[in-house]
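In order, the protein sequences belong to chains A and B.
All residue numbers for the first sequence refer to my numbering, where the first residue is -19 and numbers rise by one.
All residue numbers for the second sequence refer to my numbering, where the first residue is -19 and numbers rise by one.
Among the clues, some could well be false.
Identical chains blur together in the list; that is why a pair holds if it fits in one copy or across any two.
[Unchecked claim] Here are the simulated lysine to aspartate or glutamate pairs, EDC-like style, with alpha carbons at most 20 Å apart:
hint, residue 1, residue 2
1, K46, E15
2, K33, E15
3, K(-5), E37
4, K70, E31
5, K35, E(-15)
6, K(-16), E18
7, K46, E18
8, K(-1), E37
9, K34, E18
10, K33, E(-11)
11, K70, E37
12, K(-16), E19
13, K46, E(-15)
14, K34, E15
15, K46, E19
16, K54, D0
17, K(-5), E19
18, K34, E(-11)
19, K46, D0
20, K(-1), E31
Just so you know, these hints were derived from the structure itself, not from any lab.
There are 2 protein chains.
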Amino acid sequence: MNNKELVSELANRTKWSSKDVSSLVSATVSVIIGELTEENSVAIPSFGTFEVKKKLERVLVNPITKQRMLVPPKMVVSFKPNTSLKSRIKS
Amino acid sequence: MNNKELVSELANRTKWSSKDVSSLVSATVSVIIGELTEENSVAIPSFGTFEVKKKLERVLVNPITKQRMLVPPKMVVSFKPNTSLKSRIKS
């Protein structure tokens, strides 16, 4: 499902126009990203939690040249589905 | 950020009431979950893609008793941030 399909499905299910739905979906994404860039997590009921995790730096060895490289630490976004979502997917 | 804070932030940024925002956020979550239960992925621009992945069955060995157990295959939800989100988090 792409964004267009998501927006039209939401417009069908609710009283809002596609334009309104689309702008609210964008605003939601932008609020979530804003929180993530400040390293805050965002919890959405019946769904899950978005958070930013720090991946530690690590040493990588090229198996052919045996050369060692230091991979710097980085921040990655993770989504942790909550129990309600997990059980709905399992069944 | 919890759901209440997300909803009030969205209501501040838009022309909608908290009640309207809250019902649209729930509807969005419910459409996404509906797609995931049918094993469809959902792509949201500037954000990422939700998808369901099958984790294969695997054999687990209890390190003390050496007993082998078969862990059955299962479906898990994963969120893959897209390039735009990744680069915003990195910086």
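Tested hints:
Taking the closest pair of Cα atoms, K46 and E15 never come within 20 Å of each other, the shortest separation being 41 Å inside a single copy and 45 Å across copies. In this assembly of identical chains, K33 and E15 lie within 20 Å of each other by CA distance solely inside one copy; the values are 13 Å within and 27 Å between copies. In the homo-oligomer, the alpha carbons of K(-5) and E37 never lie at most 20 Å apart, since the shortest distance is 49 Å inside one protomer and 44 Å across protomers. For the homomeric pair K70 and E31, the shortest alpha-carbon distance between copies (13 Å) is at most 20 Å, but the shortest distance inside one copy (23 Å) is not.
Taking CA atoms no more than 20 Å apart as the test, K35 paired with E(-15) passes in neither setting, with 34 Å inside one copy and 28 Å between copies. Proximity of K(-16) to E18 under the C-alpha cut-off of 20 Å is restricted to the inter-copy arrangement: shortest distance 18 Å between copies versus 29 Å within a copy. In this assembly of identical chains, K46 and E18 lie within 20 Å of each other by CA distance neither inside one copy nor across copies; the values are 38 Å within and 45 Å between. Taking the closest pair of Cα atoms, K(-1) and E37 never come within 20 Å of each other, the shortest separation being 44 Å inside a single copy and 44 Å across copies.
Taking the shortest alpha-carbon separations for K34 and E18, only the intra-copy value of 13 Å comes in at or below 20 Å, while the best inter-copy value is 32 Å. Taking the shortest alpha-carbon separations for K33 and E(-11), neither the intra-copy value of 32 Å nor the inter-copy value of 24 Å comes in at or below 20 Å. Taking the shortest Cα distances, K70 and E37 sit within 20 Å of each other only across copies (14 Å), while inside one copy they are farther apart (34 Å). Within a single copy, K(-16) and E19 get their C-alpha atoms only as close as 30 Å, which misses the 20 Å cut-off; across copies the closest is 18 Å, which meets it.
In this assembly of identical chains, K46 and E(-15) lie within 20 Å of each other by CA distance neither inside one copy nor across copies; the values are 49 Å within and 50 Å between. Taking CA atoms no more than 20 Å apart as the test, K34 paired with E15 passes inside one copy only; the shortest distance there is 15 Å, against 30 Å between copies. For a Cα distance limit of 20 Å, the shortest separation of K46 from E19 qualifies neither inside one copy, at 36 Å, nor across copies, at 42 Å. Proximity of K54 to D0 under the C-alpha cut-off of 20 Å is found in neither arrangement, the shortest distances being 36 Å within a copy and 37 Å between copies.
For the identical chains of this complex, K(-5) and E19 are neighbours neither inside a copy (35 Å) nor across copies (27 Å), given an alpha-carbon limit of 20 Å. When the C-alpha separation of K34 and E(-11) is checked against a cutoff of 20 Å, the pair qualifies neither within a copy, at 36 Å, nor between copies, at 26 Å. In this assembly of identical chains, K46 and D0 lie within 20 Å of each other by CA distance neither inside one copy nor across copies; the values are 56 Å within and 59 Å between. Taking the shortest Cα distances, K(-1) and E31 never come within 20 Å of each other, neither inside one copy (29 Å) nor across copies (25 Å).
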